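Engineer: Below are the chains, spelled out letter by letter.
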Amino acid sequence: MFANIIPAFIVGGLICVVGQLFMDLTKANIQPAHVLVSFVTAGVVLGGLGLYEPLVRIGGAGATIPLSGFGYTLAKGAMEGAQSSGLLGAFSGGVEAAAVGIAAAVIFGYLTALVFNPKG
Amino acid sequence: MGSKKVGNQSIIFQNPPFILAGYNIVGPKEGEGPLKDSYDQIMKDTYNGEKSWEKTEAKMLETALRGVADKAKVTVDSVDFVLAGDLLNQIISSSFAARQLGIPFIGLYGACSTMALSTALGAMLIEGGFAGQVLCAASSHHDTAERQYRMPTEQGNQRAMYAQWTVTGAGALLLAASGTGPKVTSATLGRVIDLGTTDTNNMGAAMAPAVADTILNHFQDLNRQPDYYDLIVTGDLGTVGLQLLKEILKKSNFPMGKNLSDCGVMVFSPKQDIHAGGSGCGCSAVVLSGYILNQMNSGELKKVLLIGSGSLHSPTSALQGESIPAIGHAVSIEIS
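From first to last, the protein sequence lines are chains A and B.
To convert, note that position 3 of the first sequence is 3 in our numbering; the numbers rise steadily by one, no gaps.
To convert, note that position 51 of the second sequence is 51 in our numbering; the numbers rise steadily by one, no gaps.
Keep in mind that the hints are not guaranteed to be accurate.
Claimed, not checked - Below, computed lysine-lysine pairings styled on DSS-like, alpha-carbon distance capped at 25 Å:
| hint | chain 1 | residue 1 | chain 2 | residue 2 |
| --- | --- | --- | --- | --- |
| 1 | A | Lys119 | B | Lys51 |
| 2 | B | Lys302 | B | Lys246 |
| 3 | B | Lys250 | B | Lys36 |
| 4 | A | Lys119 | B | Lys29 |
| 5 | B | Lys55 | A | Lys119 |
| 6 | B | Lys44 | A | Lys119 |
To be verified - Here are some of the chain B residues that sit facing chain A, going by a computed Cβ distance under 8 Å:
| hint | residue |
| --- | --- |
| 7 | Asp45 |
| 8 | Glu50 |
| 9 | Ser52 |
| 10 | Trp53 |
| 11 | Glu146 |
| 12 | Thr153 |
| 13 | Asn157 |
No wet-lab data here; the hints were simulated from the structure.
Just so you know, these numbers come straight off a predicted model, no measurement behind them.
We put the CB at the ideal spot given by N, CA and C, even for glycine.
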């Protein structure tokens with residue numbers, strides 16, 4: 001088990017360090033929302049270029065759980081969709097591949113809201 | 001122009017209204033701060049039994065308004081006007097609190113300068129003979145302000161080290177044409193100054209030039225020197241803004257002595273990890289209605305100048321990249 005956890009911890013941790021440095025070393029009007037969007041976009045670009053795949057192989061969930069992993073899934077799905085059903089597949093493939101993540105976010109977000117009744 | 005106005009922006013009250021009493025209520029974080037003994041009520045949590053923070057803030061303001069009337073042994077019905085403001089859209093905290101009081105209400109928006117603004121206008125109403133007794137108040141709540149100006153608190157955004165923490169608190173003063181206690185002796189109403197700051201996390205930097213402008217005009221209009229006052233206190237510049245203010249005044253050949261401080265710096269201790277100090281309408285409201293008034297009534301302070309500082313941007317203007325206009329309103333309070 002540790003053989004999976006330790007690389008996941010290191011890869012995931014390093015991705016988060018990049019995000020923190022992005023906020024700390026840039027002007028303060030770089031907000032968490034900018035980091036969020038940049039990470040998804042970077043994941044798409046790196047995924048499309050095949051550069052994110054090695055991180056996933058080494059880090060597993062450490063690379064797929066951060067937002068860059070979501071971008072990677074979108075890119076991977078779009079490429080697979082393009083191969084199997086052409087141009088339309090390029091549009092549908094990304095969201096199909098990310099469907100589990102999106103649905104989980106909605107459902108668990110809803111459940112969390114039911115339990116904790118957020119007011120912020 | 002009547003003789004009550006002096007210089008460019010100042011008013012001297014010929015029959016200075018009395019501050020009969022002050023009353024405040026704060027949140028738990030403020031209640032752990034250095035001024036904890038000067039608060040009339042400290043809430044156990046940020047809801048205080050209400051369903052939303054907005055309801056809490058309106059209730060806090062109502063509590064402060066009723067509390068100050070009780071303290072001064074005056075019935076709310078005998079008060080002529082309530083002047084109040086807050087930070088929320090359409091100043092709902094103030095309108096909702098005034099809804100419960102049933103007396104004429106003048107809603108104000110001066111952002112965080114509101115307490116100084118309401119005190120100045122209240123004093124003008126009394127001086128002009130338009131009122132005998134006036135309630136002046138302001139409120140803010142950390143969590144409603146976060147929702148109004150920034151992000152949902154659940155997002156857990158990291159705050160910049162130079163960002164300030166909105167004070168959860170409401171403060172009220174009861175001004176009257178006759179009585180005893182400290183008097184509002186003069187006021188300098190500020191101009192809107194904008195030097196082009198766009199970072200809404202750094203409101204101290206946006207407000208410091210406006211506060212400096214009002215301070216310079218106040219002393220010029222009244223032909224006074226800083227040592228006239230025992231305490232010159234700005235509203236909520238925080239540590240960053242206060243430092244900038246000192247630099248601006250120094251460059252303007254008007255250096256301040258040790259009697260210059262800031263309510264935002266006073267209200268929290270650096271140990272509380274709130275970064276650059278407190279902010280919000282409630283910040284100067286609770287410090288004025290508590291600590292400053294107590295110190296004046298006990299004779300520790302005799303002459304105080306409060307310069308409320310306000311950032312007059314809106315969330316929309318900030319998102320559209322507009323710079324932050326700022327203002328400073330000064331009131332001098334003296335006890336003989």
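Engineer: Which hint numbers doesn't this structure obey?
Structural biologist: Structure breaks hints 3, 7 and 8.
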